[in-house]
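A.B. asks: Starting from the given sequences, assemble the full structure and let the hints guide the process.
Read off the chains here:
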Amino acid sequence: MSRKHDEWGWMLAADFFFAGLGGAMLAIAGIADLFLGDAQTSVLGNFAGAIFIAIGAGLLILELGRPFQAFRVFMNPKSILTFGAWNMTFAIIAGLLFASFGITILPWSGFILVRKFLAAFCVIFGLVVATYPGVLLARHKARPFWNGPGIMVLFFLSSFITGMAGHILSGYVIGESSWFIAEGYIVSSFSSLVLQDLPHLTAIMLLFQLIFWAGYIWIKRSGGTEREAEAAQRWVNGDLSASFQLGFILLGTIVPIVLLLFTTPAIHSVGACLAILGGAIMRYLVVRAGEDRTWLPGEQKYRSRLPVGDEEFLKVWK
Amino acid sequence: MARYAMVIDTRRCIGCQSCTVACKVHNELPVDMIYNPVTTVGPTGVFPNLHMVHIPLLCMHCENTPCVDACPTGASLRREDGIVWIDEKKCVGCKACVMACPYGARIFNQEKGIVQKCDFCLDRVEKGNIPRCVQSCHQKARIFGDLDDPNSEVAKLKNSHHTVRLLDELGSKPSVFYIYGLEARMK
Ligand code: SF4
Ligand code: SF4
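In order, the protein sequence lines correspond to chains U and R. Here the first sequence stands for residues 1 to 318, numbered as in this note's numbering. Here the second sequence stands for residues 1 to 187, numbered as in this note's numbering.
Wrong hints could be hidden among the right ones.
Computed footprint of chain U on chain R; a stretch qualifies when at least three of its residues, placed anywhere within it, have a C-beta under 8 Å from a C-beta of chain U [what the hints assert, rightly or not]: (1) 46 to 52; (2) 71 to 83; (3) 106 to 117.
No lab work stands behind these hints, which were simulated from the structure alone. Computed from a predicted structure; not experimentally measured. Where a beta carbon is used, it is the ideal one built from N, C-alpha and C, also for glycine.
C.D. replies: Take a look at the structure:
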């Protein structure tokens, strides 16, 4: 039996990653605009936030069994996925409109009040989009690794880390190709206080992330149920441990902390890339950890005896 | 309005998997999909006091349905008579319900791109018949009926025996009740 029958695939993990990254980028851009003024984040970063959410939505659609019926996911207001789908839609629209204010040749770019409203929408929808995947997973009572508010905090933290890293990277990229700015087509964010401070802030958040993850695994390992402890064990010395420890903790958290403490923008951008990579690895591993369900009596033995990989043979034989 | 439920008397089940096969045939399931597996716990104990119990599993037709709450399309529904079913026309195969179900009762059908599950043989129940697995069980280990009818066999069994519901601590309130037979077998 293939595992596609009873679990989400990597595209859902990628959707969670892009939603978190894009949602946090919009929220950061909105907060910076509302409280610190114009051009605190780069135009590229503002557009990228909305585009990343759209990529996440696209992957979510591709993950569906019937992608052409995707419009139906907007139908049940009681479902958290419906809530997420609507918020992603609103965030994409608000994000693109907000980002367009950075293109000075557009006639509406001078309407400050409208920009402020859009910044507020970016904060609201961006925060919801960055948070809802964590809430969605936390509510799964029979998935011991996900269940509980902890996963929501970890997702939220990772979203903001990747969001900040996204802005660092966008600021660097647009700084390196500044012809549009020199010609006056787009607003310059060269003197942005936010962009200057983001590397150190990201390093601090990465440190929090390290501590929170250590605590999370420790709590789950000594957790309330045997299944919870077993699920956490996979991250310590099981099949997920190498990717978690080398990919996420070392490459995606510790190395970026060091790189972001330097003062060179090019090194910051490498650190930002690694922090983003870490966020992607973490989402993938967490979604995979959803395989662990609280077993019913005798179920584990039963499932372990089902043939794996024989589906094609059986279909041909039929 | 009826309130459908099933009592499974594990003292009677011999683990022959007839119900599993009958269900697969009735629902025309692909080779790699099973709605109601029969698991085995044991043998446990020390010779000569060994015991083993077979546990038929299926959708528990929960009263508090995490699967229905998770479904973004409204394809997963719970009827007033307690039967939880999927409107296949509306399902987009997002697997939100698969992940939300604590009992592993929902399966993604790769050929159709939708999720499917046991619906207590809704087509048969609507015509006044019993589900196919219940009909096929030669040991009468599966008993189906209306819990609100005090004269029904399910209501009598549920009221006269100590029954348990699987993962009851999760609060999903299943409509499938188990009579465990370990103590009875030991005697
Ligand atoms: S057993 Fe699973 S699919 Fe069936 S009603 Fe309960 S939660 Fe839904
Ligand atoms: S797979 Fe189908 S029934 Fe299940 S939640 Fe998605 S749309 Fe609803």
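A.B. asks: It remains to establish, for every hint, whether it holds in the given structure.
C.D. replies: Going through the hints against the structure:
1. Figure legend: the segment 46 to 52 of chain R, annotated as covered by chain U; annotation inconsistent (0 residues with Cβ-Cβ distances under 8 Å, at least 3 required).
2. Check result for the segment 71 to 83 of chain R against chain U: holds, 5 residues qualifying (beta carbon to beta carbon below 8 Å, three or more required).
3. Requiring three or more residues with a Cβ within less than 8 Å of a Cβ of chain U, the coverage given for the segment 106 to 117 of chain R holds, as 9 such residues are present.
Hint compliance for this structure: hint 1 alone is broken.
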